[in-house]
Every structure is written in structure tokens, then in C-alpha cells.
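2 protein chains.
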Amino acid sequence: MTYCLGIWLPTGLVLASDSRTSAGVDQISTVKKLALFEKPGERVVAILSAGNLATTQAVISMIRQNAGKGGTEGAGGDILAARSLFDVAQTVGAVLREVMRLNRSFVEPYGDPSASFLVGGQIAGDGHRLFQVYSAGNFVEASSRNPFLQLGETKYGKPILDRALTTRSGLDEAAKLALLSFDATIRSNLSVAPPIDLLRYEAGSLIAGQLAKFTAQHPYWADLRERYSDGLSRLVESLPEPRF
Amino acid sequence: MTYCLGIWLPTGLVLASDSRTSAGVDQISTVKKLALFEKPGERVVAILSAGNLATTQAVISMIRQNAGKGGTEGAGGDILAARSLFDVAQTVGAVLREVMRLNRSFVEPYGDPSASFLVGGQIAGDGHRLFQVYSAGNFVEASSRNPFLQLGETKYGKPILDRALTTRSGLDEAAKLALLSFDATIRSNLSVAPPIDLLRYEAGSLIAGQLAKFTAQHPYWADLRERYSDGLSRLVESLPEPRF
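Residue numbers (my numbering), protein chains in the order written: chain A, 1 to 244; chain B, 1001 to 1244.
Because the hints were derived from the structure by calculation, they are not lab data. Hints should not be assumed to be uniformly reliable.
Said to hold, decoys possible - Just so you have them, the derived chain A footprint on chain B, three or more residues with Cβ under 8 Å: (1) 1064-1076; (2) 1202-1215; (3) 1224-1231.
Claimed, not checked - One side of the interface only, derived from the structure: several residues of chain A facing chain B at Cβ under 10 Å: (4) 37; (5) 170; (6) 221; (7) 223.
Said to hold, decoys possible - Reference excerpt, derived from the structure (chain A facing chain B, CB under 10 Å, subset only): (8) 107; (9) 185; (10) 210; (11) 233; (12) 234; (13) 238; (14) 240.
Owing to the predicted nature of the structure, the values given are computational and were not obtained by experimental measurement. Glycine is no exception: its CB is placed at the ideal position from the N, C-alpha and C atoms.
If we strip away everything but chain A, and leave its shape as in the complex, we get (with noise of 0.2 Å):
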């Protein structure tokens, strides 16, 4: 299994994923679930991975080829000459449908191949955008009304989102609630690990200069999950009890 989670705010983006790959219990991994596309001033994208591994690795090797060829056309299209983030997840969509028609009847057999992605970013004279790429190659954009979008074991990270997390909320609030959700899915599901992968990113800044790597002992996020259990905690037992 695998987490990633993509918030869309006024202000910008924040993207998050887990590094655990595993194909049984007994055959666990650590891998990059984010890849970054960047030409600091014109444009930043970054594109997270769940599904089959050897699916999302023919995808981000095959979109990293084409990168700078000046294709325009489906699965050769190139991002980083992309107009619009649009059009890059137009691309990726369709380098999925390319490797799953050359991989999928092989794979069936051992397991399920299909994969999924998030891309977010910002291209200059665009909007800072946030796209979940489904199986199919299809997509759908996060906005102001559905200000997050999730891959993988989307559950148990989820109820601090809907509880905490507005369109009001500040990039740094929306980092924290993010190493929260991630925490509520790690203490849950064992395929879903550290570290964790995190890209604040401001909107009209065009330059991914804040991303960064928090491992389980990370002084920060120890630290954050330390006060949240205890403040937790501290809260709950401060609600008044139940008659009956």
C-alpha cells in the first residue's frame, strides 16, 4: 500500500508521500514515491505514485525521457515544454494508458498492475493546479471546494483533514495536518512508512525550494506527534462525560 496526499490551497500546494513498496510482509522496501520536474521561474511539477511499482517506475522513466524533446503528442509529450498543468496531466494519463497496453496481460497473472498519481504544481501563466490521475488515464482537479486529494490508504489520515483543514488554512498549518494524516495512516497500516516526502509550495514562487525529507526520528515530526497525542489526550479528557 502506499499514502500520498495533495492539498490545494489559495496560497499553494502541499504534496506528501510515503516511501514503503512491498510485495508481501516479507518483502518490504524503501522507494521515492515523488518525482520533481522543475525550470526554477517558469515552472515546477511534481507527480506522486501509488499502484504496482514497476508500473509507476515505467511511467516516471518514461515522462523523464521524453522531458525536454519537445514532443507534444500523448505518451511522448514532453513537461517540461507543457502550456499548462492540464496538459501535463493529460500526458501522464496518457503514458499510463501506454505502459499498462504493453504490461497489463503479463502482469494479470501475478497481481494487479494498475497504478495511480497526483500531480501538482504550477506552470508561469497559470494557476498553481493539483490533478489525481486515475487508473484509467482519467483525471479529475482539486479545488476550493475538495481541497485535498488522496492515494493509496486514504482512510485513517482522513478525518483530521475534514476536521482541521479549510481553504482558510495556511500552507504551514496544512504541512503540519499533512505529517498528521500520514501519522494516523503509519500507527494503522504497516505498508505505509517513512520517510516522508514534503513539497510546500507557494503559489507564483515557479521554484520547489521547500521540500523536504522527514524520517521517523526527524527532531520536528517527533516532536509534532509527541504534543498532538498529548494535547489529544489532554482534550479529550477535558470533554464532559456521557449520562445516561
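Given the structure of chain A, go ahead and fit chain B onto it with the hints provided.
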């Protein structure tokens, strides 16, 4: 879907169930999923149900019909005569297997006939106990290392329990946490809905005096939800912000 929660603590039990039943989003209704069997001073047995409604109702009806008849064997077991809650769980499993044997092949073309149960309570001479009966009719028991069991839509409501529930929690705190766990689930899954039936059972009392129904408008539950959401927002705000 359904959400049922059973909490075992050294001081007693908290058992709770939602009331939503649905066959698609255009056919929803309200049912009670907590069945109570009681002989004050001698035994309290609560059975919470999840899964196919025809199956769960058939199981509860058969158990009710056999109650007081003195049967001891398999699906004919009398849970008002059972000597232990372990025997009650065996009867529930046996009745479930019988209902499945009679109905499975007819129901499967239309949908999933399976069901599962939580069985909690106490019988004089034995401690208070809590079991989860799987759709196969076998079952596991809660313990101090594993103090809560869940049925149905289990994920959204689990993080708050993982963080705040310990075997040192009091029964009132556990009841609060159960209601917050249901609130988290209801916010995220339309197929879980109030009223919540909640039984607070004090170990050794052998009486089910503390059974309450929490509608969405119930003053205590509405107040609890509001205080918790406000407190959580303030808590998140008070936490230090990440640096990149």
C-alpha cells in the same frame, strides 16, 4: 455499510452501533443493530450486527426464538442458559453457519449474504468478555492487549482509538471516545449514520442499566462534537510549524 465498536476494559465494556442500512444510495433506512438479552443479576448479553440485513435479522430472530428453551447444542443453543460468554459466541457462530447454509446459494447471485457480530457481556461466575464472530462463524476475543474490536467501516474511526484509548481509560472516557470515533466515521462515510446505540456496562453489575440512544441532535453528542472540533483546531494551531 455499518460501524460497530466494542471496547473491553478491566472496569467494563462499551458497545456501540450505528443505525444505517442501505441497498444502494437510493434505498436507505434505519435499523437497530444492538440486540440485548438480559436476566438482571445473572447475565447481560449484547449482540451487535454488521453485514447482510436479512442474514443478521435471521440470526438474531433464531437466537431470540431459542432463548429460554434450554437447548445446548449448536444452532439450537439457548443463550439465556449458556454457562459462559464463550458458549454464547459459539451459539452465535453456529446460528450464523446455519443461516448461511440455508440461504447462501440463493442470495449470492444478488449480493453478499455474509454477516459478522460482536458479542459482549457477562454471565455470573465468569468475567465480562467481548468476542468478534467472523462471517465464517469462528471468533476471537478482546483482551487488555487488544482492547477494542470493530465491524464494518472500521478505518475512519480507528485513529482516535489508537491514540487515546488505553486499558487505563475509564468507562466514561471510553464512551466519549466511542462517540468521537462514530463522528469521524459518519463525517466520511454516508453509509454510517445515527442514532448510535451505546451500552455502558460496569463489570460485575450484571445489569444493562446504561443504554442510551444518541441521535444527531442529542444535546450531549452535539456539544461533544463541537467542543472536540474546536479543541482540535486550537490544538493544531498551537503546534509549532515545520521549517524547510
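Outcome of the hint check:
Counting residues of the segment 1064-1076 of chain B whose beta-carbon sits less than 8 Å from any beta-carbon of chain A gives 0, not enough to reach three: the coverage restraint is violated. Check result for the segment 1202-1215 of chain B against chain A: holds, 4 residues qualifying (beta carbon to beta carbon below 8 Å, three or more required). Counting residues of the segment 1224-1231 of chain B whose C-beta lies closer than 8 Å to any C-beta of chain A gives 5; at least three are required, and the coverage claim holds. The closest approach between the C-beta of residue 37 of chain A and any C-beta of chain B is roughly 19 Å, which is over the 10 Å cut-off, so the hint fails.
The interface hint given for residue 170 of chain A holds, since its Cβ lies 9 Å from the closest Cβ of chain B, which is under the 10 Å cut-off. Below 10 Å, beta-carbon pairs count as interface contacts, and residue 221 of chain A has one with chain B at about 8 Å; its hint therefore holds. Hint status for residue 223 of chain A: holds, given a least beta-carbon distance of 7 Å to chain B, under 10 Å. Of the supplied interface hints, the one on residue 107 of chain A is violated, with its beta-carbon coming no nearer than about 28 Å to a beta-carbon of chain B, more than 10 Å.
A distance limit of 10 Å between C-beta atoms decides the matter here; for residue 185 of chain A the minimum to chain B is near 8 Å, and the interface restraint holds. For residue 210 of chain A, the shortest C-beta to C-beta distance to chain B is roughly 4 Å, which falls under 10 Å, so the interface hint holds. The interface hint given for residue 233 of chain A holds, since its Cβ lies 6 Å from the closest Cβ of chain B, which is under the 10 Å cut-off. Given the 10 Å rule on beta carbons, the hint for residue 234 of chain A holds: about 9 Å separates it from the nearest Cβ of chain B.
Interface hint at residue 238 of chain A: satisfied, since its Cβ lies 7 Å from the closest Cβ of chain B, which is below the 10 Å cut-off. At a threshold of 10 Å, the smallest CB-CB gap from residue 240 of chain A to chain B is about 7 Å, leaving the interface hint in force.
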